[in-house]
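Sequence lines, in order, name chains A and B. For the first sequence, UniProt numbering begins at 1 and goes up steadily by one. For the second sequence, UniProt numbering begins at 1 and goes up steadily by one.
Think of the hints as simulated: they come from the structure by calculation, not from any bench. We put the beta carbon where it would ideally sit given N, CA and C, even for glycine. Treat each hint with caution, since some may be false.
[As the list claims (entries may be wrong)] Quick partial rundown of chain B residues pointing at chain A, CB under 7 Å, derived from the structure: (1) Gly87; (2) Arg99; (3) Trp112; (4) Ser114; (5) Arg117; (6) Ala122; (7) Ala123; (8) Thr125; (9) Gly203; (10) Pro206; (11) Phe208; (12) Asp212; (13) Val214; (14) Pro215; (15) Val266.
[As the list claims (entries may be wrong)] A short list of chain B residues far from chain A (calculated; beta carbon distances all over 10 Å): (16) Arg85; (17) Ala86; (18) Asp88; (19) Arg89; (20) Glu118; (21) Thr124; (22) Arg161; (23) Arg162; (24) Asp170; (25) Gly195; (26) Ala209; (27) Arg222; (28) Thr261; (29) Thr267; (30) Glu283.
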Amino acid sequence: MTVASAAPGRRVRTRHRPPAPGTGPEPAVLTVVQAGPAASVQDLGRPGMAHLGVPASGPADRRSFRLANRLAGNPEDTPALEVTLGGLAITLSTTRHVAVTGAPAPLTVDGVPVDGAPRLWLRAGSVLAIGRPWAGCRTYLAVSGGIEAERVLGSASRDSLTGLGPDPVRAGAEYGLGPVRPVPAIPLELAFSVVPCGGPATVRFRWGPRHELFDAADRHRLTTTPWRVSAQCDRVGARLTGPPLAIGSVDLPSEGTVRGAIQVPPSGEPIVFLADHPVTGGYPVIGVVTDADIDLVGQTLPGDALRLAPVH
Amino acid sequence: MTPANVPSADATPAAMPSADVSRGDVPPADLSLADGARAEVTSAAVPPMDATRAAMPSADVPLADATPAKVPLANMSSGKTILRRAGDRGWLIECADRRPADVAASIRAEPWASGLREVVPAATTVLVVAETAAGMGELAAGLRAVLDGPGAHRTGPPPGRRIVIPVRYDGPDLPEVAERLGLAPEEVARRHGAGEYRVGFFGFAPGFAYLDGVPESLRLPRLSSPRPRVAAGVVAIAGNQTVVYPGGTPGGWHQIGVTTTRLWDVTADPPNRLAVGDRVVFEAVAP
């Protein structure tokens with residue numbers, strides 16, 4: 001199979017076949033050597049379809065994702081890999097620039113550490129491996145030209161809530177690569193990602209839409225508790241643990257929700273909605289994390305401490 | 001990369017449930033965070049919040065001294081319609097006595113609606129999300145003009161299309177539904193097929209359209225234990241609502257029939273055959 005015969009945007013499964021004479025060069029392919037616990041293909045998701053029940057999805061840390069694509073010379077919405085908790089190893093059939101952003105993690109090329117470089121010139125056949133991050137949990141890997149993955153409802157984002165989008169990344173999976181693009185010449189030390197590290201992260205939020213259903217004590221508790229991210233944290237949302245809010249069960253009809261919504265179920269322990277959050281919810285939303293800070297929540301790990309600070 | 005580099009037990013997919021890994025196509029059934037999503041199943045038939053609380057403007061809420069920082073005026077409640085702030089870019093509109101589907105249609109008809117990312121009608125509200133956080137006050141004013149301005153209540157949106165869905169009434173729950181309602185199965189089918197339903201809103205899962213208007217005599221609470229996966233085309237009822245399952249979701253509604261008409265297809269453009277506000281009638285076909 002040649003690039004020309006592959007449907008654009010579709011994942012091509014039959015690769016590594018030597019090209020028949022006269023059919024041109026071998027297609028450019030990324031092969032997953034090791035998948036890790038939770039890697040997925042993402043682009044900027046499916047915004048604008050919430051009224052049909054379709055979550056927006058997209059990267060949990062959009063800022064780091066966009067940065068990876070910019071470093072690789074790609075448009076920001078080009079499909080790339082979101083690598084949760086490391087464990088991913090890939091190889092390319094052709095030499096390309098690759099960018100690695102988000103949670104800083106040990107990187108090796110053919111076993112040799114190459115930590116700290118947000119952009120690498122990865123030679124054909126070499127294996128790039130991403131270890132478990134030192135801080136944060138989601139590392140982004142973009143390849144110059146982008147990877148080709150199945151688009152569902154216009155997006156190559158894998159939505160963990162609904163199953164829309166390409167299959168989860170598995171060892172042995174192969175993705176075609178788009179045409180190579182020139183990468184921007186910028187000082188790479190300026191290409192840093194923001195992840196929680198050290199003490200409690202301060203996450204700003206805006207009150208509403210349902211903060212009025214909570215009494216003053218609950219609102220006070222929300223903003224003064226050193227919350228911890230529980231083990232129940234994934235691309236859908238992050239549950240926080242701490243002294244529970246007392247609101248209990250509220251009869252609230254389902255209503256639309258946004259990324260960053262701080263929803264309080266009857267248990268009183270808030271859940272912060274992330275990329276794959278359901279489009280509507282029936283529990284009161286006391287506040288919404290700001291656009292500027294929600295990517296930081298997308299990088300938190302179970303046990304991480306965070307404080308919720310209201311903005312005015 | 002050795003397996004030793006792979007995260008330890010406290011961060012395995014079991015502890016950080018990645019639906020990608022563990023669930024395949026089955027939505028929230030076993031997801032620890034799924035309360036919110038599951039609430040779709042349980043809350044859709046819940047009656048609206050009591051009117052006094054729903055209508056309470058933010059400025060009237062006294063703040064006790066215990067609150068260190070004054071809660072900002074997150075809601076703009078000067079007009080008749082209540083707008084509640086929903087994040088940097090969102091307003092949540094309380095629709096009061098208007099249908100959210102109609103309110104959403106009126107908003108989408110505005111020339112400035114192209115600057116909106118989402119318009120999401122739900123049970124009693126419409127969520128509006130802008131593309132950018134700039135001009136949220138302007139957006140509120142625009143929404144007020146649509147909702148409270150002159151003629152807002154006179155010029156209703158178009159009434160929606162009328163969609164006919166052929167149904168085979170032979171669902172697995174039909175005998176039990178009939179028994180619980182004290183009706184013959186044929187009578188359940190007849191009454192379900194005699195009604196006209198309205199697409200209220202989508203939620204719970206892609207393509208899951210809540211259709212309002214199940215007659216009083218057919219209303220039952222949901223199943224006590226939802227089925228893990230319901231096929232596309234299954235017609236079911238719960239409370240005052242009926243649904244044609246989009247496929248691949250769990251389901252706690254009573255399955256009374258099936259249609260071969262495909263109402264949701266992610267490979268089609270658009271993927272939905274039903275739209276909010278459409279009127280739906282079911283037409284019985286022979287099993």
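Hints, verified against the model:
Checking Gly87(B) against chain A: minimum C-beta separation of about 3 Å stays under 7 Å; hint holds. Here the hint on Arg99(B) is broken, as its CB sits about 13 Å from the closest CB of chain A, past 7 Å. Interface hint at Trp112(B): violated, since its Cβ lies 16 Å from the closest Cβ of chain A, which is beyond the 7 Å cut-off. Because the smallest distance between the Cβ of Ser114(B) and any Cβ of chain A comes to about 11 Å, over 7 Å, the interface hint for this residue is violated.
Evaluation of the Arg117(B) hint against chain A yields a held restraint, the C-beta minimum of about 5 Å falling below 7 Å. Residue-level restraint check for Ala122(B) holds (minimum Cβ-Cβ distance to chain A is 4 Å; threshold 7 Å). For the restraint placing Ala123(B) at the interface with chain A, the shortest Cβ-Cβ distance is roughly 3 Å, inside the 7 Å limit, so the hint holds. With its C-beta approaching chain A no nearer than about 4 Å, Thr125(B) sits inside the 7 Å limit, and its interface hint holds.
The interface hint given for Gly203(B) is met, as the beta carbon of that residue sits about 4 Å from the closest beta carbon of chain A, less than 7 Å. Checking Pro206(B) against chain A by beta carbon gives a least distance of about 5 Å; that is within 7 Å, so the hint holds. Restraint check, Phe208(B) versus chain A: the minimum CB separation of about 5 Å is within 7 Å; hint holds. Because the beta carbon of Asp212(B) sits about 12 Å from the nearest beta carbon in chain A, more than 7 Å, this interface hint is broken.
Among the interface hints, the one on Val214(B) is violated; its C-beta lies about 17 Å from the nearest C-beta in chain A, farther than the 7 Å criterion. Checking Pro215(B) against chain A: minimum C-beta separation of about 21 Å lies over 7 Å; hint violated. Interface hint status for Val266(B): upheld, as the beta-carbon distance to the closest one in chain A is roughly 5 Å, under 7 Å. Not every CB of chain A is more than 10 Å from the CB of Arg85(B) (nearest about 4 Å), against its label as outside the interface.
Distance check on Ala86(B): its Cβ comes as close as 5 Å (rounded) to a Cβ of chain A, failing to clear the 10 Å threshold; non-interface status is violated. At roughly 5 Å from the closest C-beta of chain A, the C-beta of Asp88(B) falls inside 10 Å, breaking its exclusion from the interface. The claim that Arg89(B) lies off the interface is violated: its Cβ sits roughly 7 Å from the closest Cβ of chain A, which falls inside the 10 Å cut-off. At roughly 5 Å, the least C-beta separation between Glu118(B) and chain A is not larger than 10 Å, which violates its mark as non-interface.
Non-interface status of Thr124(B) relative to chain A is broken: a Cβ of that chain comes within 10 Å, the nearest being about 5 Å off. The non-interface label for Arg161(B) is consistent with chain A: the shortest C-beta to C-beta separation is roughly 16 Å, beyond 10 Å. At roughly 20 Å, the least C-beta separation between Arg162(B) and chain A is larger than 10 Å, which holds for a residue marked as non-interface. With a closest Cβ-Cβ approach of about 27 Å to chain A, Asp170(B) is found to remain outside the 10 Å limit, as its non-interface label requires.
Listed as a non-interface residue, Gly195(B) keeps its Cβ farther than 10 Å from every Cβ of chain A; the least gap is roughly 22 Å. A Cβ of chain A approaches the Cβ of Ala209(B) within 10 Å, the least distance being about 8 Å, so the stated non-interface status is violated. Against chain A, the non-interface label of Arg222(B) holds: every CB pair exceeds 10 Å, the least being about 13 Å. Every beta carbon of chain A lies more than 10 Å from that of Thr261(B), the smallest distance being close to 17 Å; the non-interface claim holds.
Its closest Cβ contact with chain A, about 8 Å, brings Thr267(B) to no more than 10 Å, contrary to its assignment away from the interface. With a minimum CB-CB distance of about 24 Å to chain A, Glu283(B) clears the 10 Å threshold, and the non-interface call stands.
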